[in-house]
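There are 2 protein chains.
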Amino acid sequence: MKFATIPDGSKDGRLVVVSRDLSRMAPAEAVPTMQALMERFDEVSGALLQQYDAVNRGDGEAFDPSSAHAPLPRAWQWLDGSAFDSHGALMDKVFNMEGKFKPDFPYMYQGVSDRFYGPCEDVKFPTEDDFIDFEGEFGIITDSVPLGTTAEKARGHIKLIVQINDWSLRRIAPLEMKAGFGWVRAKPACAMAPVAVTPDELGDAWRDARVDLPLNVWWNGAKFGAASGYAMSVGFDELVAHAAYSRDLVAGTVIGSGTVSNETYREVGSSCIAERRGIEMIDEGEAKTSFMQFGDRVKMEVFDPDGTSIFGRIEQTVVKA
Amino acid sequence: MKFATIPDGSKDGRLVVVSRDLSRMAPAEAVPTMQALMERFDEVSGALLQQYDAVNRGDGEAFDPSSAHAPLPRAWQWLDGSAFDSHGALMDKVFNMEGKFKPDFPYMYQGVSDRFYGPCEDVKFPTEDDFIDFEGEFGIITDSVPLGTTAEKARGHIKLIVQINDWSLRRIAPLEMKAGFGWVRAKPACAMAPVAVTPDELGDAWRDARVDLPLNVWWNGAKFGAASGYAMSVGFDELVAHAAYSRDLVAGTVIGSGTVSNETYREVGSSCIAERRGIEMIDEGEAKTSFMQFGDRVKMEVFDPDGTSIFGRIEQTVVKA
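Order-wise, the sequence lines are chains W and X. Throughout the first sequence, residue numbering follows UniProt numbering, covering 1 to 321 in sequence. Throughout the second sequence, residue numbering follows UniProt numbering, covering 1 to 321 in sequence.
No lab work stands behind these hints: they were computed from the structure. Built from N, CA and C at the ideal position, the CB exists for glycine as well. One should not assume that every hint holds.
[Stated by the list, open to error] Pair by pair, the computed Cβ-Cβ distance ranges are:
hint, chain 1, residue 1, chain 2, residue 2, range
1, X, F101, W, P27, 49 to 55 Å
2, X, D64, W, F294, 52 to 58 Å
3, X, D129, W, K11, 52 to 58 Å
4, W, G156, X, S67, 32 to 38 Å
5, X, D212, W, T150, 44 to 50 Å
Hey, can you work out the whole structure from these sequences and the hints?
Below is the structure:
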């Protein structure tokens, strides 16, 4: 199944069931919002599947992904991992943090979740001098997960998969990281692609609780990267279990993969600018690519093997606050 | 004014106006919940003040602080500072992190906010081996704060003051801190004292955007500390401005002071066990006080000069999850 949230004047918007090809939609009859869906997922999924079949047959009305909200416009909890080792190694290079402490548990921080930008919303920053960067990620949304849930059991709590742009300020990020408290100023609100999908929509590409598909990224129209989501050192199941070690996870918890990155970054490219700068430092002795300027655009999209957009497109412009 | 939230079967509970001496209450007529109050504070405060005067004159019904929810039972955002330098110095001692990077900005992390424990709820943990600790704090709740708000303007956005118990797992805390991503497993849900108060309720004790009153803490009935909230290196106004640097703060954002601590800790005691262990390491060469065991109780309460409880009492028991 595929879901989106369309504007209705409220903060939470209106949940719609979206056809596989993203062309049609119908308001979800069983639940009004994505948050309500996550609270009642197993109970209402049968009825929603019937609606999904209907929109796939052409029922409903036209769906405009570019005008949608984030599928979950606000969440009670957003926990972001950093599960791609090649990204971590390049960041250590960029931030001059090689030799730092490597934990034997997954990296994870809690970020701002009272707002997720819609897929085509402008994103505002105080100044270009903070080194504005995008980060292409995959994420999952859980139903209610009890404290102490194992990775094996966590798989059943992964109800939806989403695609995320985790906006980052690279001047501030290493300073906040060195302070040890995680990121507040360096991590403003993220954006989500317009459509959230159930794991079965990915077919064989949902493998080992990872998304085995390239995340395509363009910066100002030029292709920037197409790294695969499969290279996570820990799967989303392990990220859920990690998060649930000492807390119940509220229904609608969003957990991110961290910036999608592959060891073959010289061939596949990157999902953030900082990583390209790290590669330049290794290959050319210094970082040459600048961060974003006001007016710059970033686009992110994921396709299934027949070329259909799975989550719809993120396409955002950076503007001055 | 003073406010609390009483159980009504919903997650957000029912907002009540509470008399100054915490004996009487009346359901708030203008807004149903604390979240709604924070979204409409300036608009409805006049009407609520009339209700407050009435309960102070004996109107309404009896208020039982021990059965209340947290004043804000769930928040879209909880940002905790660490503004007491003597606490930071003792933690560096305990965690063997002396010489670590000291930022020129306030410490702050984002923590779990989809649930705040009520003042007398048991708190569950996976194991005693994680070194269970309490942390007595003051906190504030803001209305909507725009990105870029200065510390001076932030003062007007501090609508309510609360008292918080920030539960912490000390085995995990230094590891997560060294990893640089802040705390997820080491910081389960916090508790709040039953009553939130407007700054004017503190009179002269609300000074420089700090609470100039001792936070009394008892562990299993024995007095543990009474450190003053005034010794913050930055006030709550500066914490709000820090948080709002690159994000709009949603109405109902809760910001914590960090563990209340004074340089005179040998006289006034401490607001967490880890700090007492740090003092023992300095004074006696080794930490002697153990962390909490299942069945242990912690109590926290703040009084005004005439002995009236300002926020009501936190009194929690630690239990096995």
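Now for the hints, and whether the structure bears them out:
In this structure the supplied range 49 to 55 Å holds for X/F101 paired with W/P27, their Cβ-Cβ distance being about 51 Å. Distance hint check: the CB atoms of X/D64 and W/F294 are about 55 Å apart, consistent with the given range 52 to 58 Å. For X/D129 paired with W/K11, a C-beta distance near 42 Å fails the hint of 52 to 58 Å. For W/G156 and X/S67, the Cβ-Cβ distance of about 36 Å falls inside the hinted range of 32 to 38 Å, so the restraint holds.
The hint said 44 to 50 Å for the Cβ distance between X/D212 and W/T150, and at roughly 48 Å that hint holds.
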